[in-house]
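**Student:** Chain by chain, the residues run as shown.
Number of protein chains: 2
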Amino acid sequence: MELHEAMYSLRAMRRLKTDPVPEELIWKVLDAAIRAPSGGNRQPWNFIVVTDAEKKRKIGEWYLDGWQKMYGAAQGAMEAEGDQARVLRSADHLANHLAEAPVFIIPTVRASGVAAVSGMGSSIFPAVQNLMLAARAEGLGTTLTTLHKVHEAEVKELLGVPEGVETMCLIPMGWPKGKFGQGPRLPVEKVTYWDGWGETKAKG
Amino acid sequence: MELHEAMYSLRAMRRLKTDPVPEELIWKVLDAAIRAPSGGNRQPWNFIVVTDAEKKRKIGEWYLDGWQKMYGAAQGAMEAEGDQARVLRSADHLANHLAEAPVFIIPTVRASGVAAVSGMGSSIFPAVQNLMLAARAEGLGTTLTTLHKVHEAEVKELLGVPEGVETMCLIPMGWPKGKFGQGPRLPVEKVTYWDGWGETKAKG
Chain A
1 MELHEAMYSL RAMRRLKTDP VPEELIWKVL DAAIRAPSGG NRQPWNFIVV TDAEKKRKIG
61 EWYLDGWQKM YGAAQGAMEA EGDQARVLRS ADHLANHLAE APVFIIPTVR ASGVAAVSGM
121 GSSIFPAVQN LMLAARAEGL GTTLTTLHKV HEAEVKELLG VPEGVETMCL IPMGWPKGKF
181 GQGPRLPVEK VTYWDGWGET KAKG
Chain B
1 MELHEAMYSL RAMRRLKTDP VPEELIWKVL DAAIRAPSGG NRQPWNFIVV TDAEKKRKIG
61 EWYLDGWQKM YGAAQGAMEA EGDQARVLRS ADHLANHLAE APVFIIPTVR ASGVAAVSGM
121 GSSIFPAVQN LMLAARAEGL GTTLTTLHKV HEAEVKELLG VPEGVETMCL IPMGWPKGKF
181 GQGPRLPVEK VTYWDGWGET KAKG
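Each protein sequence line maps, in turn, to chains A and B. Per the working numbering, residue 1 is the first one in the first sequence, and the count goes up by one each step. Per the working numbering, residue 1 is the first one in the second sequence, and the count goes up by one each step.
Treat the hints with care, since some could be wrong.
To be verified - Listed next, the in silico BS3-like pairs over lysine-lysine satisfying Cα-Cα at most 25 Å (straight line):
#1 A:LYS28 / B:LYS28
#2 A:LYS190 / A:LYS203
#3 A:LYS55 / B:LYS28
#4 A:LYS156 / B:LYS28
#5 A:LYS201 / B:LYS28
As the list claims (entries may be wrong) - Okay, the calculated bits of chain A under chain B, using three or more residues with CB under 8 Å as the criterion:
#6 38 to 50
#7 77 to 89
Unchecked claim - Here are a few chain B residues that sit away from chain A, every Cβ distance over 12 Å (derived from the structure):
#8 GLU81
#9 GLY178
#10 GLU199
#11 THR200
Read the hints as simulated data drawn from the structure, not as lab findings. All figures in this text were calculated on a predicted structure; none of them were measured in a lab. Every residue, glycine too, gets a C-beta built ideally from N, C-alpha and C.
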């Protein structure tokens, strides 16, 4: 698949079939993930693949609780029209069906002194984007989620993740029910500034 | 360019020519960046493009100071052999020549309540990876750097970035002196665990 086609048609796929994903494809998307950069090429990452039904069920319960805590107040907004309400309804569906995804991928990062300055996200989310692009090329749907972090201690205990290692996100992956396509975005001219905050210019 | 070719040949390009980058290409890589996901599709990002020589010079000085503070102790390690020493020497070159890059791109994120749980990196570094992949497809070199954050307050003041907005990284971009190619990585089997920490399996 051409790079720009992958980038422009990769949207969050929150409704997934329960059909299994061949292990070969899981390796393939992970192998693309680790091509991403990390600070000083330290590769502070691990990737925990969860396919065990009982572990997915528990994590799904914690995720749903996280969703309700963070977005419970948005119930009204879900019934509105427009892109934002559609995202909320789709995220609500995901929160109620997370464990049905055949595969969870949970990237982790080992903390370091440098991370204290720059945050640890810069050494894992480029890899996550590679993973999701590689999945897109295989026709596999993914979503970048972080709400399991409301119960991160429990998730870490369940999976045996040691101290000093943080789970950075949770990516449910599977064959999508919907179609890939371009998501709604503000135009690039509105969010780009030149040499100083607020200094927009027309796209030439 | 094919997706996997871009992902597998994208390495940090820390030695850049001073030749300018056409504005059209800057727009193109930014337009690819904003196709990435963000929490709830809130798109909390802005991208500050810096081409002003004096501003690049000042930021370059702060960056060099950050480099010396964080990695000054690594001077000895730079003279060793091996991949890690090569990365350090190349990063040392970048720190001493940052302002020569024709373009800096500084992505920013508006803080939010959700970010307090998940960190803000999940809503910007996927976009940064898209940007670097799109640059790769044009033959433009980039590096994901974060050491300006040692002097973030000064960088924000120089660029007029308001309170509640954080600069997330600094990407020097330009035509590379070296060649694209695959960087060294630990094998994916070593960093992948199945259903629990430490549970490796052979790649089928």
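**Student:** Which of the numbered hints above does this structure break?
**Tutor:** Those not satisfied are hints 1, 3, 4, 10, 11.
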